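> Could you slot chain B onto chain A? The hints should help.
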Amino acid sequence: MPPPVLDVRALSVQFETNEGPLRVLRDVSLQVAPGETFGLAGESGSGKTTLGYTILQALAPTARVTGGAILFEGRDLLGVSEDELRRIRGRRIAMVYQDPRSALNPTTRIGAQIAEVLEIHERAPARAAGRRAQELLELVNIADPASVARRYPHELSGGMQQRAVIAMALAGGPSLLILDEPTTGLDVTTQARILELVADLKRRVGAAILYISHDLAVIAQVADRVGVLYAGELVEVGPTADLFAQPVHPYTRGLLDALPHLDGLRGLVPIEGRIPRLTDLPPGCVFAPRCDFVAPACTAATPALETVAPERRARCVRWPTVLATPRRSTAAAIAPETVASDAPLLAFEHVSKYFGGAGAVARWLGIGAPPVRAVDDVSFDVRADEVVALVGESGCGKTTLGRLAVRLLRPTAGRVRFAAPKPTDAQIVFQHPDSSLNPMKRIGPSLARPLVLRGLRRRERGRRVRELLEAVRLDPDYGARRPAALSGGEKQRVAIARALAMAPQFVVLDEPVSALDVSTQASIIRLLAELRRTLGASYLMISHDLSLVRHVAARVGVMYLGRLVEIGAVDEVFRAPSHPYTRALRSAVPRPDPAVPGRPIRLEGSVPSAQHPPAGCRFHTRCPQKIGRVCEEAEPPWARASPTHWIACHIPIAELSRSSEEARP
Amino acid sequence: MARYALRRLASIALILLLVSAIVFAAIHVLPGNAATLILGEYATPEALRTLEREMGLDRPLLVQYASWVASVVTGDWGVSLAMKQPVATVVGYRLRNSAFLALAALTVVVVVGVPLGTLAALRRGRPLDLAIVTATYVGISIPEFVTGLVLLLVLAGPSVGWFPTSGYVELASGVTAWARHLVLPAMTLTIVLLAHVVRQTRSGLADVLTAPYIRTARLKGASARRIVLRHALRNALLPTITVLALDLGYLMGGIVVVEEVFAYPGMGRLIIYAVQNRDVPLLQMCALVVASVYVLANFAADLAYAWLDPRIRYS
Numbered sequence: 001m002p003p004p005v006l007d008v009r010a011l012s013v014q015f016e017t018n019e020g021p022l023r024v025l026r027d028v029s030l031q032v033a034p035g036e037t038f039g040l041a042g043e044s045g046s047g048k049t050t051l052g053y054t055i056l057q058a059l060a061p062t063a064r065v066t067g068g069a070i071l072f073e074g075r076d077l078l079g080v081s082e083d084e085l086r087r088i089r090g091r092r093i094a095m096v097y098q099d100p101r102s103a104l105n106p107t108t109r110i111g112a113q114i115a116e117v118l119e120i121h122e123r124a125p126a127r128a129a130g131r132r133a134q135e136l137l138e139l140v141n142i143a144d145p146a147s148v149a150r151r152y153p154h155e156l157s158g159g160m161q162q163r164a165v166i167a168m169a170l171a172g173g174p175s176l177l178i179l180d181e182p183t184t185g186l187d188v189t190t191q192a193r194i195l196e197l198v199a200d201l202k203r204r205v206g207a208a209i210l211y212i213s214h215d216l217a218v219i220a221q222v223a224d225r226v227g228v229l230y231a232g233e234l235v236e237v238g239p240t241a242d243l244f245a246q247p248v249h250p251y252t253r254g255l256l257d258a259l260p261h262l263d264g265l266r267g268l269v270p271i272e273g274r275i276p277r278l279t280d281l282p283p284g285c286v287f288a289p290r291c292d293f294v295a296p297a298c299t300a301a302t303p304a305l306e307t308v309a310p311e312r313r314a315r316c317v318r319w320p321t322v323l324a325t326p327r328r329s330t331a332a333a334i335a336p337e338t339v340a341s342d343a344p345l346l347a348f349e350h351v352s353k354y355f356g357g358a359g360a361v362a363r364w365l366g367i368g369a370p371p372v373r374a375v376d377d378v379s380f381d382v383r384a385d386e387v388v389a390l391v392g393e394s395g396c397g398k399t400t401l402g403r404l405a406v407r408l409l410r411p412t413a414g415r416v417r418f419a420a421p422k423p424t425d426a427q428i429v430f431q432h433p434d435s436s437l438n439p440m441k442r443i444g445p446s447l448a449r450p451l452v453l454r455g456l457r458r459r460e461r462g463r464r465v466r467e468l469l470e471a472v473r474l475d476p477d478y479g480a481r482r483p484a485a486l487s488g489g490e491k492q493r494v495a496i497a498r499a500l501a502m503a504p505q506f507v508v509l510d511e512p513v514s515a516l517d518v519s520t521q522a523s524i525i526r527l528l529a530e531l532r533r534t535l536g537a538s539y540l541m542i543s544h545d546l547s548l549v550r551h552v553a554a555r556v557g558v559m560y561l562g563r564l565v566e567i568g569a570v571d572e573v574f575r576a577p578s579h580p581y582t583r584a585l586r587s588a589v590p591r592p593d594p595a596v597p598g599r600p601i602r603l604e605g606s607v608p609s610a611q612h613p614p615a616g617c618r619f620h621t622r623c624p625q626k627i628g629r630v631c632e633e634a635e636p637p638w639a640r641a642s643p644t645h646w647i648a649c650h651i652p653i654a655e656l657s658r659s660s661e662e663a664r665p
Numbered sequence: 666m667a668r669y670a671l672r673r674l675a676s677i678a679l680i681l682l683l684v685s686a687i688v689f690a691a692i693h694v695l696p697g698n699a700a701t702l703i704l705g706e707y708a709t710p711e712a713l714r715t716l717e718r719e720m721g722l723d724r725p726l727l728v729q730y731a732s733w734v735a736s737v738v739t740g741d742w743g744v745s746l747a748m749k750q751p752v753a754t755v756v757g758y759r760l761r762n763s764a765f766l767a768l769a770a771l772t773v774v775v776v777v778g779v780p781l782g783t784l785a786a787l788r789r790g791r792p793l794d795l796a797i798v799t800a801t802y803v804g805i806s807i808p809e810f811v812t813g814l815v816l817l818l819v820l821a822g823p824s825v826g827w828f829p830t831s832g833y834v835e836l837a838s839g840v841t842a843w844a845r846h847l848v849l850p851a852m853t854l855t856i857v858l859l860a861h862v863v864r865q866t867r868s869g870l871a872d873v874l875t876a877p878y879i880r881t882a883r884l885k886g887a888s889a890r891r892i893v894l895r896h897a898l899r900n901a902l903l904p905t906i907t908v909l910a911l912d913l914g915y916l917m918g919g920i921v922v923v924e925e926v927f928a929y930p931g932m933g934r935l936i937i938y939a940v941q942n943r944d945v946p947l948l949q950m951c952a953l954v955v956a957s958v959y960v961l962a963n964f965a966a967d968l969a970y971a972w973l974d975p976r977i978r979y980s
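Protein chains in written order, with our numbering: chain A, 1 to 665; chain B, 666 to 980.
Among the hints, a few may not be true.
[As the list claims (entries may be wrong)] If the Cβ cut is set under 10 angstroms, some of the chain A residues that face chain B in the computed set are:
#	residue
1	ILE88
2	TYR97
3	THR108
4	GLN113
5	ARG204
[Stated by the list, open to error] Taking beta-carbon pairs under 10 angstroms as the criterion, some of the chain B residues facing chain A (in silico):
#	residue
6	LEU874
7	TYR878
8	ARG895
9	HIS896
Keep in mind that the hints were calculated from the coordinates and are not lab data. Keep in mind it's a predicted model, so treat the numbers as computed, not measured. The beta carbon of each residue, even a glycine, is placed where N, CA and C say it ideally should be.
One chain only, chain A, in its complex shape (with noise of 0.2 angstroms):
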């Protein structure tokens, strides 16, 4: 094996805070040699990413190193100076993060600043950077560079703007890059595109790559090697499919085994407790506090990271008892709910929601931007007692569909028709519980509020809320703290709870996992089909992760620009026959699990404006599947697969059932 690129040694930072140290990264060893992916993987708070920023030496001025090294090609990086840093950084490690449209540049068009790059470090004139800048466009499957090149980052979408990084960050050359979530916040069938474009680039540039990512299955997807950090700790290291073959480590388990899957039979198994304060860790092994197979040897010393395979190590004392237990998994998965009755509890009929746009006047002088068209006749109804989910990419108009479910938007045209009779029957949680709970308030009197509406007296009052707190999973003496103490899980708890406190019949989700962690995630997940068997209410839910719906939806609704393009049972749509987009969006879901490759149908261009949807079928101008003009000049009609199963697409049925072999479990 040649020499690592990367050679990462007991590597210990901490954060100085006013609680004292923040132990952030404790004895991390990794290596990383030429042309090899490194999966680094870990929930947030694990220290992923300040690992990342260790390397480069660009961590917050409180972060200190306090013990290890980093040798990088040999060199320690941690004795250099900042001259020296300089020449390393963007020529011979480069760094990709989350959010590309934060990091570029605003005001600077992307051609300068790629080829910024090469004026800085190899003093390149401006004319021959401007070339090069190209060429990198180029190498990251950017079709039309030179027009790229001169525009500026917000006239890109997100998977461009990203491309646009990678290619920054491979303009010197680098022997190491760095990938920091670089899918995430993407919508999936992008990222099925950038994962495409990694796996390229190490064929075709042969750098050390390390990949940063909370996603498994990303991970799974990308990396040769994976490493599982947790709170500050290396529990975990080995090759990808061993890895995610037989986990060693327990958290690794319950990481894998916490994975909502695409098949809907497996997963969702929440890791009870919560990752430690790293001001306050307990003693002996990080994780012993939320572990199954905990033992008194496990408290008594920190384990060390011990070989347990060629090539494997894992930090458990445990592990030999680990591997002769047999993972639950299957038994533990929760099943999709069931249509329960016939009545329509709520009905979209031909609704449709427009925003802005200029006014009657200016529209008709032919200036002024035409409206944004969010939502475009939309029809379905979710029925008394009954999850229906709606899924689709961003711009879909799945979020806008879900606020005029509960009326906190109006309609532009069409009706919702609501059959409760209070209009608190209905209630929503919203993705960031940061947003809708006050932080300057008490969680007891933030849940309290809605019973005041409610009529309740005081000291009812205090009992529901005990209730209410009880009901989510959270101790009663939460009701005394405020929101800045409780961890995002317990956020979206109280969120969860409020929204009860009302005891609608009707409530919306709108993506209530999506900013939680996976071990987390799935107790949300959990909580809310219990909560729904107990209380019979319907839900709403709206996601982008198709995984997830699988497992708690008894309908799905796919989405794409403001049109409901599919709906169906939950099974009837993960399976063929499928509306081209659909089958497009399942395809680009990453499965966890290294042994089946992700083989992701290939989405041409990027979703085209709301603004100036394209005629006939919205979906036409990138669909696989097109037939020719009827797609578009006519709105496709809705066919009927099944009782319960409709496809908007000009393509017959029985064509569509046959074009769908791919589907795989």
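Just chain B, lined up with the frame of chain A:
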């Protein structure tokens, strides 16, 4: 960009129309009218009515307003009652003087304030930052007339005598003499306004320096100098432009005290004169001109904004 400018110009016309209506209404709410002013306190009611009829003051207010707007637009600004000169001539001359002073002061404010603000942002929390912030605050806190008098005593006093104590000479009678008369009032105004620009630049830059794209630049291997000049300043100075536009408006019409201290013939003193003499035609036009300068300065700021920030251009 052109469409954006056109749209903004249309809204400017509307704003100015609104301003003219308010100015007109405000002056008509005041007791007495032009006729009373011309004839004085002891005029007979008959004489007043005759003059009012001649001047058209007996017509409905709306008609009077419309005819005033029409004549302003066609360039007929009337005659000053107190000076017996065309308003356009008087205002034009004072406006030009004010513009000289304003541009001199603003130039110095930008040339000194932006680097000082940058320096403060880069040394945030250190002694240099503290010194800059404190000094500019002292500048803005001391009343203008005190600053002006101190400068007068120090730089124009008998012992030094570098600059004339007051007054103004025409550009035609020599650039040096003209410039020497501008120095002290411009310096006073600079001291007063510096704090705005320094503070805005400092906080704007400090903010931008924490942005992820600055980290991107750093991780590209860019030097600190390159990061500030190429990446940070352009984005950080956007809000400073707004501050400068407001300052320009202030300099064009509201610097009565400084003009008084240095006996400088600018718009501020003209407005005071018009008020004191109840010179309605002059006062109306002064108000309208100052408002126009404010609005146009903000328009220029918006254009500069759009030019510097491509995200605004097409919205």
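> Using Cβ atoms only, decide whether LEU874 (chain B) comes closer than 10 angstroms to chain A, and label the hint accordingly.
violated (12 angstroms)
> Answer holds if the nearest beta-carbon of chain B is closer than 10 angstroms to that of GLN113 (chain A); otherwise answer violated.
holds (8 angstroms)
> With a cut-off of 10 angstroms on the beta carbons, see whether HIS896 (chain B) makes it to chain A.
With Cβ-Cβ at 5 angstroms, under 10 angstroms, it holds.
> With a cut-off of 10 angstroms, does the beta carbon of THR108 (chain A) approach a beta carbon of chain B closely enough for the hint to hold?
holds (7 angstroms)
> Hint ILE88 (chain A) vs chain B: min CB-CB distance below 10 angstroms?
holds (7 angstroms)
> For the hint on TYR97 (chain A), does the least C-beta distance to chain B fall short of 10 angstroms?
holds (7 angstroms)
> Regarding the hint that TYR878 (chain B) lies at the interface with chain A, is the smallest CB-CB distance below 10 angstroms?
Since the shortest Cβ distance to chain A is 4 angstroms, the answer is holds.
> How about ARG204 (chain A): closest beta carbon in chain B under 10 angstroms, or not?
violated (22 angstroms)
> Just to be careful: measuring from the Cβ of ARG895 (chain B) to every Cβ in chain A, is the smallest value less than 10 angstroms?
holds (8 angstroms)
Consistency note: the structure conflicts with the earlier hints numbered 5, 6.
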